[in-house]
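Make a model of the complete structure from these sequences and hints.
Residue numbers (this note's numbering), protein chains in the order written: chain B, 1 to 326; chain U, 1 to 132; chain E, 1 to 503.
If you're looking for bench data, these hints aren't it; they were derived computationally from the structure.
Be a bit skeptical, because a hint or two may be false.
Partial selection, computed: residues in chain E whose CB lies under 10 angstroms from chain U [said to hold, decoys possible]:
1. 4
2. 7
3. 39
4. 192
5. 220
6. 416
7. 449
8. 453
Straight-line C-alpha distance at most 30 angstroms; calculated DSBU-like pairs for lysine-lysine [said to hold, decoys possible]:
9. 142/B x 108/B
10. 119/U x 86/B
11. 304/B x 318/B
12. 175/B x 267/B
13. 156/B x 119/U
14. 304/B x 268/B
15. 111/B x 318/B
16. 109/B x 86/B
17. 119/U x 87/B
18. 122/U x 60/B
19. 86/B x 122/U
20. 288/B x 109/B
21. 293/E x 497/E
22. 58/B x 122/U
23. 318/B x 109/B
24. 58/B x 119/U
25. 87/B x 122/U
26. 187/B x 108/B
27. 122/U x 267/B
Where is the CB? At the ideal position from N, CA and C, for every residue including glycine.
Spelled out from the first residue to the last, the chains are:
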Amino acid sequence: MKTRRYAAAFSAVLAGMFLIAAPAQAFTPDRTIEFMVHSGPGAGNDVFARAVQGLLEKTKLAPQTIQVVNKTGGGGLVAMSYLNEKKAETHLLAVFTSVWFVNPQIRKKAKVTMQELTPLARLILEPAVMTVRSDSPYKTAKEFFAAAKANPGKLKQSGGSLSGRDNTTRHLLMKATGTEWQFISMKSGGERVAALLGGHVDMYIMEPAEAIEQIRAGKVRVLATLMNKRIPSMPDISTLREQGYDVPEIPQARGFVGPPGMAADVKKYYVDLFTRMHGTPEWQGFVKQNLYEDGFLTGQGLDKFVDEYTQTMRGILKEAGIKLVR
Amino acid sequence: MIHAWDWPYLTADGPGPGFFPLWIGICITALASVLVVLQLVHAAGQSPVAATKWSGAGRVLAGWAGLMVCIALLEPAGFVASFLLLAVFLVMVIFRRGFLPALILGASASAGFWVLFVKLLKVQLPAGPWGF
Amino acid sequence: MEIIANLMNGFAVALDPLNLVWCFLGVFFGTVVGILPGLGPSATVALLLPLAAQMNPTGGMIMMAGIYYGAKYGGSTTSILLNVPGESASVVTCIDGFEMAKNGRAGPALGIAAISSFVAGTIGVLLLMLVAPPVAEFALRFGPPEYFALMALGLSMVVLLAGKSLIKALISMFIGLWLATIGIDMFTDGERYTFDTVELMDGVNFVVVAIGTFAIGEVLANLISTSGGQMFEVPKGVRNLMPNWQDLKDSRFAFVNGSLVGFFVGVLPGAGSTIASFVSYGIEKAVSRRPEKFGTGVVEGVAAPEAANNSETGGALVPLLTLGIPGSATTAILLAALIMWGMRPGPLLIQDYPEMFWGLVASMYIGNVMLLILNLPLVPVFAQILRLPAYVLYPLILGVSIIGVYSVDHRLFDCWLVGVFGLLGYLMRKLEYPAAPLILGLVLGDLMENAVRQSLMMSRGDVSILYSRPLAAVMLVLTVLVLVGPMFRRFEIWRLKAAEQDV
Chain B
1 MKTRRYAAAF SAVLAGMFLI AAPAQAFTPD RTIEFMVHSG PGAGNDVFAR AVQGLLEKTK
61 LAPQTIQVVN KTGGGGLVAM SYLNEKKAET HLLAVFTSVW FVNPQIRKKA KVTMQELTPL
121 ARLILEPAVM TVRSDSPYKT AKEFFAAAKA NPGKLKQSGG SLSGRDNTTR HLLMKATGTE
181 WQFISMKSGG ERVAALLGGH VDMYIMEPAE AIEQIRAGKV RVLATLMNKR IPSMPDISTL
241 REQGYDVPEI PQARGFVGPP GMAADVKKYY VDLFTRMHGT PEWQGFVKQN LYEDGFLTGQ
301 GLDKFVDEYT QTMRGILKEA GIKLVR
Chain U
1 MIHAWDWPYL TADGPGPGFF PLWIGICITA LASVLVVLQL VHAAGQSPVA ATKWSGAGRV
61 LAGWAGLMVC IALLEPAGFV ASFLLLAVFL VMVIFRRGFL PALILGASAS AGFWVLFVKL
121 LKVQLPAGPW GF
Chain E
1 MEIIANLMNG FAVALDPLNL VWCFLGVFFG TVVGILPGLG PSATVALLLP LAAQMNPTGG
61 MIMMAGIYYG AKYGGSTTSI LLNVPGESAS VVTCIDGFEM AKNGRAGPAL GIAAISSFVA
121 GTIGVLLLML VAPPVAEFAL RFGPPEYFAL MALGLSMVVL LAGKSLIKAL ISMFIGLWLA
181 TIGIDMFTDG ERYTFDTVEL MDGVNFVVVA IGTFAIGEVL ANLISTSGGQ MFEVPKGVRN
241 LMPNWQDLKD SRFAFVNGSL VGFFVGVLPG AGSTIASFVS YGIEKAVSRR PEKFGTGVVE
301 GVAAPEAANN SETGGALVPL LTLGIPGSAT TAILLAALIM WGMRPGPLLI QDYPEMFWGL
361 VASMYIGNVM LLILNLPLVP VFAQILRLPA YVLYPLILGV SIIGVYSVDH RLFDCWLVGV
421 FGLLGYLMRK LEYPAAPLIL GLVLGDLMEN AVRQSLMMSR GDVSILYSRP LAAVMLVLTV
481 LVLVGPMFRR FEIWRLKAAE QDV
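This is how it looks when you write it as structure tokens:
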């Protein structure tokens with residue numbers, strides 16, 4: 001009892017000294033931190049934000065409670081504008097995904113670009129693999145492309161919206177191989193996989209964690225990895241490049257971004273927070289369980305990524321025939 | 001429906017974005033005309049169509065306006081204050097009760113809502129300048 | 001035999017005191033969020049995800065599933081009492097449930113909702129346990145053309161939902177279909193009817209329309225009289241607050257019909273419990289001996305949608321547990337939770353983790369019993385709400401409506417919309433346009449348009465794909481029967497009348 005009181009007093013004094021010594025670095029959150037996501041409960045971003053929330057609370061890295069806030073609407077625009085309005089706000093972060101790069105280029109109503117916000121950390125990259133049903137006649141990517149060439153527009157791929165990764169990847173592949181196939185948009189991930197398993201479409205781009213289980217059950221076959229390197233958990237699956245196709249990878253990137261004009265010390269605090277989280281075994285376990293790629297990136301590296309990624313998406317969108325507005 | 005003309009009706013691979021809105025528009029127009037014709041036929045044959053009674057519509061509109069004012073006040077004044085006003089308005093003006101029961105009802109209902117939803121269930125209702 | 005042994009093991013897991021606690025907490029929270037409009041199971045389950053990640057998988061799964069099916073129980077309460085749908089699937093319950101309340105039968109309506117939820121919830125788990133793998137395989141045969149046929153069948157229910165005038169019902173439905181086209185078009189990324197607002201880009205939320213046209217429309221329509229006295233009769237005595245034998249007998253078929261429809265629709269990814277409740281209501285009315293009474297407060301009109309709504313949970317868990325495919329927002333969060341616990345959700349999940357699966361199944365039997373015990377005593381308590389005089393009740397309904405709408409997406413814009421739809425609801429009431437077809441059109445319109453366009457993209461514009469596949473063809477034939485059936489009946493009446501005149 002006594003020792004605890006002494007310890008408390010001691011740490012208070014220490015904290016006081018610290019405050020006097022370095023007032024400029026004193027930012028620590030003093031109320032609930034909000035993690036904003038642009039999608040509803042259950043979507044990939046929402047689950048990701050809650051996983052990070054859980055990890056930060058479990059490892060006691062965050063000094064305050066964290067709350068995940070869903071700001072849905074406008075395919076991410078509502079969340080982006082909201083963040084833009086909260087200039088220099090110190091307790092609000094948002095999860096960014098590739099939509100945050102795409103939206104300002106294709107939507108007139110998007111008021112803000114990623115460069116104008118305060119990117120804090122890129123945390124994960126989600127790899128993708130090209131899958132077909134296990135009884136499909138195509139054993140390799142080459143056979144699939146050959147069939148697509150022989151019957152232009154006859155083969156079908158299920159996926160999400162036109163500006164999403166599934167479709168942009170399709171355009172890259174079609175261009176690289178001089179082929180053509182159909183893209184069937186479906187609302188939810190469940191419907192897209194079901195369409196593949198039910199044989200209603202010929203191909204689907206899946207995340208490895210999902211694919212590996214379907215392979216184990218003998219339901220699907222993977223034709224190729226869409227990344228530059230082989231995925232550690234699927235060492236037998238060759239990359240498209242190895243199979244002779246020169247296609248740039250488009251991983252789905254997820255990370256955190258702050259409002260515009262975030263003060264330097266605040267930014268530093270959150271960057272440090274994510275850096276420390278990244279170092280924990282819990283985080284490494286989370287990345288491994290989901291078969292993500294560790295995409296940890298902050299500072300200048302991140303700024304460079306933001307610029308490059310924006311340009312890459314621009315090229316792909318143009319390629320895919322989606323109207324650019326700026 | 002007017003908009004629908006601007007969207008591609010058909011694409012190479014089936015209906016475009018304009019397909020459904022156009023047909024829905026056509027169907028609504030067609031059904032509405034059928035309804036009008038039927039009414040006219042009815043009116044011609046002596047059976048008088050029961051005219052809709054609009055008495056009391058003023059009060060309904062007043063109630064509705066009250067609701068809209070309450071919604072307008074949600075963001076500047078917060079949920080509790082604006083709902084209090086709405087409740088008092090409804091009870092006093094629409095239902096012609098006294099000020100006291102109106103105030104008691106409004107205050108207890110908005111306080112109850114606040115405790116239940118904001119405090120216990122963490123629903124983020126808009127808060128006014130005074131924190132609730 | 002193997003099933004019984006497995007189930008016994010499952011009960012051993014579920015009856016573990018700690019797991020019982022998780023189960024109770026789950027169904028309790030579920031009931032609460034179900035009763036409160038706007039708060040749905042998906043938001044609640046998501047909120048608890050970080051907490052559940054620190055629990056053991058079986059306990060966590062038991063609790064989260066408890067919230068999921070518990071919310072379905074509570075959803076009917078505000079539908080029946082206040083005409084405010086507690087969550088999306090209880091819109092259909094409003095139709096006859098609120099009428100029953102008006103007739104002074106709120107107690108029996110709430111009671112039958114609880115009982116049919118219990119029966120259907122249990123049947124849903126039973127089916128999940130017995131036929132999950134084959135049903136999941138069957139569901140995979142549903143491609144876009146089959147979805148289109150299912151939606152057509154759903155839309156044909158408008159004939160059964162129509163009141164006096166079929167034309168007015170059809171107009172109402174088409175307005176719903178039109179509302180469904182608002183927002184970003186998935187296939188072209190273009191905007192439709194968004195009037196250059198960001199808020200409309202994701203379309204009109206169906207909860208907003210439902211609360212506006214049902215609850216606010218009802219309140220506005222009742223502002224005509226200044227009396228403000230007690231609105232409905234509430235009979236005294238517990239016996240009148242509970243369903244009697246006749247009610248149960250009338251609902252027999254509805255229990256079975258709703259359970260089966262709910263389960264099978266639940267298995268289909270993306271279809272959802274709202275469709276299940278509409279379809280089961282339609283079937284109930286179609287086979288009823290007193291179809292003309294539907295919409296005036298018949299007990300089977302409450303039992304069927306509530307049953308469908310509850311057995312849908314069992315169905316929705318089928319693709320998640322047997323294929324690793326989430327069919328809805330809530331199951332997507334459950335999937336994420338499984339991954340967080342280090343499990344690998346996929347077709348082999350049950351094989352890999354039998355303890356979790358059978359523990360979950362057993363806990364769902366127990367949870368359903370808990371819910372019945374929890375909910376039945378609440379019936380007389382809730383029914384007392386209707387003793388409040390109108391001048392107290394109406395402001396309360398408006399308050400609950402605003403909160404419900406706001407808590408969906410935390411947007412003021414939705415509150416404005418609900419006001420607009422409230423006025424629309426009032427006008428429709430005055431002009432005798434039924435509101436249910438509007439909701440039906442809104443819910444199904446999107447799915448149907450998607451299915452048609454997906455189908456035609458698959459066939460490259462060849463329309464025959466919509467009716468040439470056997471499953472789709474069967475459903476389309478059913479659709480035609482539903483559409484033609486009443487006309488035939490009307491023709492019969494007309495013929496009989498004509499024959500009488502001849503005599």
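**Prompt:** Any of the earlier hints contradicted here, and which numbers?
**Reply:** 1, 2, 9, 12, 13, 20
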